[in-house]
Amino acid sequence: MPGGYVGKIGVIDLTEGSIRIEETSEILGKKYLGGKGYALALLYEHAKDLEEKGKALSDLNPLGPDNAIVFATGPATGVPGFPSPGRYHVMALRSPLTGSIGSANSGGEWGPFLKFAGFDMLFIKGAADSPVYISVVDGCIEICDASDYWGKNVFDTDDLLKKEVGGKNVSVACIGPAGENLVPMANIVNDKHRAAGRTGLGAVMGSKFLKAIVVSGSESVPVADMEKFREASREALEKERKNSVTAEGLPTYGTAILINVLNNAGALPFKNWQSGYNPEADKISGETLTKNYLVKKRPCWGCNIACGRVSSVKTGPYQILLTEGPEYESIWALGNTTGVMDLEAITKANHLCNEFGLDPISTGSTIAAAMELRQRGLIKDEYLHGMDLSFGNAATLVESIWRIAYKTGFGKYMALGSKRLCEIFGAPELSMSVKGLEMPAYDPRGVKGMGLNYATSNRGGCHVTGYTVSPEILGIPTKIDPLTIEGKAQWVKTFQDFACVVNSTVNCLFTTFALSVADYANLLSAVTGWNLTEEEIMRIGERIYNLERLIMSKFGFTDKDDTLPPRLTSEPMPEGPAKGQVVELEQMKKEYYRLRGWVNGIPTPEKLKELEIEL
Amino acid sequence: MVLIITLYFYITKISKVCVGEMVSVKVLLFAIFREKYGIKETELEFDGTLNGFLKALGEKISPKLVEDIYDPESKYIKNNLIVMVNGRNVKDIKGELKFNNGDTVAIFPPVAGG
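Line by line, the protein sequences give chains S and Y. For the first sequence, the tail end lands on 615 under this note's numbering, and the numbers increase by one without skipping. For the second sequence, the tail end lands on 1114 under this note's numbering, and the numbers increase by one without skipping.
Hints listed in this document are in silico derivations from the structure and should not be mistaken for laboratory results. Among the clues, some could well be false.
Derived coverage of chain S by chain Y (criterion: at least 3 residues anywhere in the stretch with Cβ under 8 angstroms from a Cβ of chain Y; other residues may be distant) [said to hold, decoys possible]:
hint	region
1	252-263
2	472-478
Interface residues of chain S toward chain Y, partial, derived using beta-carbon atoms under 7 angstroms [as the list claims (entries may be wrong)]:
hint	residue
3	S244
4	G377
5	G409
6	Y413
7	G580
EDC-like mimics (lysine to aspartate or glutamate), calculated; alpha carbons at most 16 angstroms apart, straight line [to be verified]:
hint	chain 1	residue 1	chain 2	residue 2
8	Y	K1026	Y	D1047
9	S	K291	Y	E1035
10	Y	K1040	S	E287
From the three backbone atoms N, C-alpha and C, an ideal C-beta is built for every residue, glycine too.
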């Protein structure tokens, strides 16, 4: 294998209890890089195997043994000097929350440490018949009994397994009670506070009786052309050091600085998206977090940006002496959209999400949906057993986290996610989700490109699939008007394709505030030894996005699923700077499909052939 | 007293001004600007022009803040900042930048997240 890879993939069948070690393929590496792209290629092969066995993909149970999950690094992961190389990507053939592809990304140390343990990726299928964990240490993979760990929370599991496995560069990715209880919003948490958060991948692990994956080792990642890489790295890191966002904004205030930005733009969803402006948002802003609760920064492995926060709530009912976060998204989901203006309660709720293994975005959004159902009189008293499900109730927010993780009391309804919750209580339109995935903290009535991105995002309501907030609100790389729709289809397509490149590289999307496609081409060429141009890089991104869409189409997804909640397309924003705005989705979608070369939301055979996607 | 209050509300609701008239706007500082100048929010009175705004901002808060946000070469707000008037980024406002009575101006340094 070329540089950037350690050259091995672990293939684990938990039903059979078998482990096979395969070579990483240079052919697939050139076509899909690593991370998300390479994992999709593996999952596509798995899907074809299932079809050959006569199993219809449309019937595939996301929580059944036929579903597969891939933990994947890329050629950047674990390479010192590559900007922000401390991440990994997790993909599942099918998400229990959305029925589409499962996809999530996490930082911390686990990704690099998997490579140091000797593996680029782990492909896991089947299901064990009792709790297990996978140990990956110094080139060896072992399936171990996890009976003693089943039932434990994330923090205890992390501590105990690190102690048991030991070794150099040890890191644990595990599920908490939410994953064990098959909550479709359950995430996978590594290094205690970093999470592959979205699309319910923790429940996929739980369904396989897989409690954790522990990695440890000291292998280094080869670099093909060290001289060229040093030069490319020096240039890229210098750009980050000179960039006011990556050098000052993110390190100083973390991601939560966006609370006031988006609120002032009238695009910070408030009380389940009933408005985009919250007059009290400054109480839960990044400025307030930094001033009152920040202890220190915590970077992911090898990262110079260091946006991660270590926080402390020293006294009061929501006291938590040491925790990590909360981030912009978790503050918004647990606070702004639930109307809870208490940053201490939000910090505690975020801590509990990490402890129990829950995605704070989907969890907070589902609580907010329940609050609006209650506001409208659609949830009767008898369901609540005394719980006050009003917007702004901090105690209810914190209580709801553990109720959801353990599916107890009204938590058993909220644990279904907002889509199913709102269907059960007769108002499906109140679920602020796309394809069943709760949307994050940008109201597209005030950031129109994000409306198109949410609707066409393969994994559902997701911001990082195509973050047009960058040009529309932040002015990076150039400023475009957030309230117009002209040209947005091209921006969305470009951002979606480039995000696929980053998530397959695998490093951090935040580097793109300072680095361009050309910088990625230089860095990746030096690491791998391949001569990658900007055009080839973007073609790889487009190939990945199309392959993902192709797989989804086999589950039955079409253009009809590329939609938004009716609130965003037909209820004008009631107040604030975006007052009167709706998302003109259909106009943007038409142009987007034309640019994509898709018919009815599905890539044509010609497009697949053009991108060299083999059927 | 009642007359003064009535007059105040009347004035703050005016959205049109003429040459020579003064406007009153609310200015909000965020992130490092809030820390550096120790101010979250203030009111400015000036003639409704960008030059007038900058002059009043320099006098009320600090000339250094004007240096922080104004690019003398382009004669406009620095390109990498996020400065909004009533939620609209000044870079999205077509034509000459003018301020009206009751406007809110939000000033952010270069920031991002996700």
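Hint check:
Figure legend: the region 252-263 of chain S, annotated as covered by chain Y; annotation consistent (9 residues with Cβ-Cβ distances under 8 angstroms, at least 3 required). Check result for the region 472-478 of chain S against chain Y: holds, 4 residues qualifying (beta carbon to beta carbon below 8 angstroms, three or more required). The closest approach between the C-beta of S244/S and any C-beta of chain Y is roughly 4 angstroms, which is under the 7 angstroms cut-off, so the hint is satisfied. A least Cβ separation of about 33 angstroms between G377/S and chain Y goes past the 7 angstroms threshold, and the interface hint is therefore violated.
The restraint placing G409/S at the interface with chain Y is violated, with a minimum CB-CB distance near 34 angstroms, outside the 7 angstroms limit. For Y413/S, the interface hint is violated, since its Cβ never comes within 7 angstroms of a Cβ in chain Y; the closest pair sits about 30 angstroms apart. Proximity of G580/S to chain Y is violated relative to the hint, the smallest CB-CB distance being about 12 angstroms (cut-off 7 angstroms). Between the alpha carbons of K1026/Y and D1047/Y the distance comes to roughly 14 angstroms, so the proposed pair stays at or under 16 angstroms and holds.
Using a Cα cut-off of 16 angstroms, the hinted pair K291/S and E1035/Y holds, with the two alpha carbons roughly 9 angstroms apart. With a C-alpha separation of about 11 angstroms, the suggested pair K1040/Y and E287/S falls inside the 16 angstroms cut-off, and the hint holds.
Hint violations for this structure: numbers 4, 5, 6, 7, all remaining hints satisfied.
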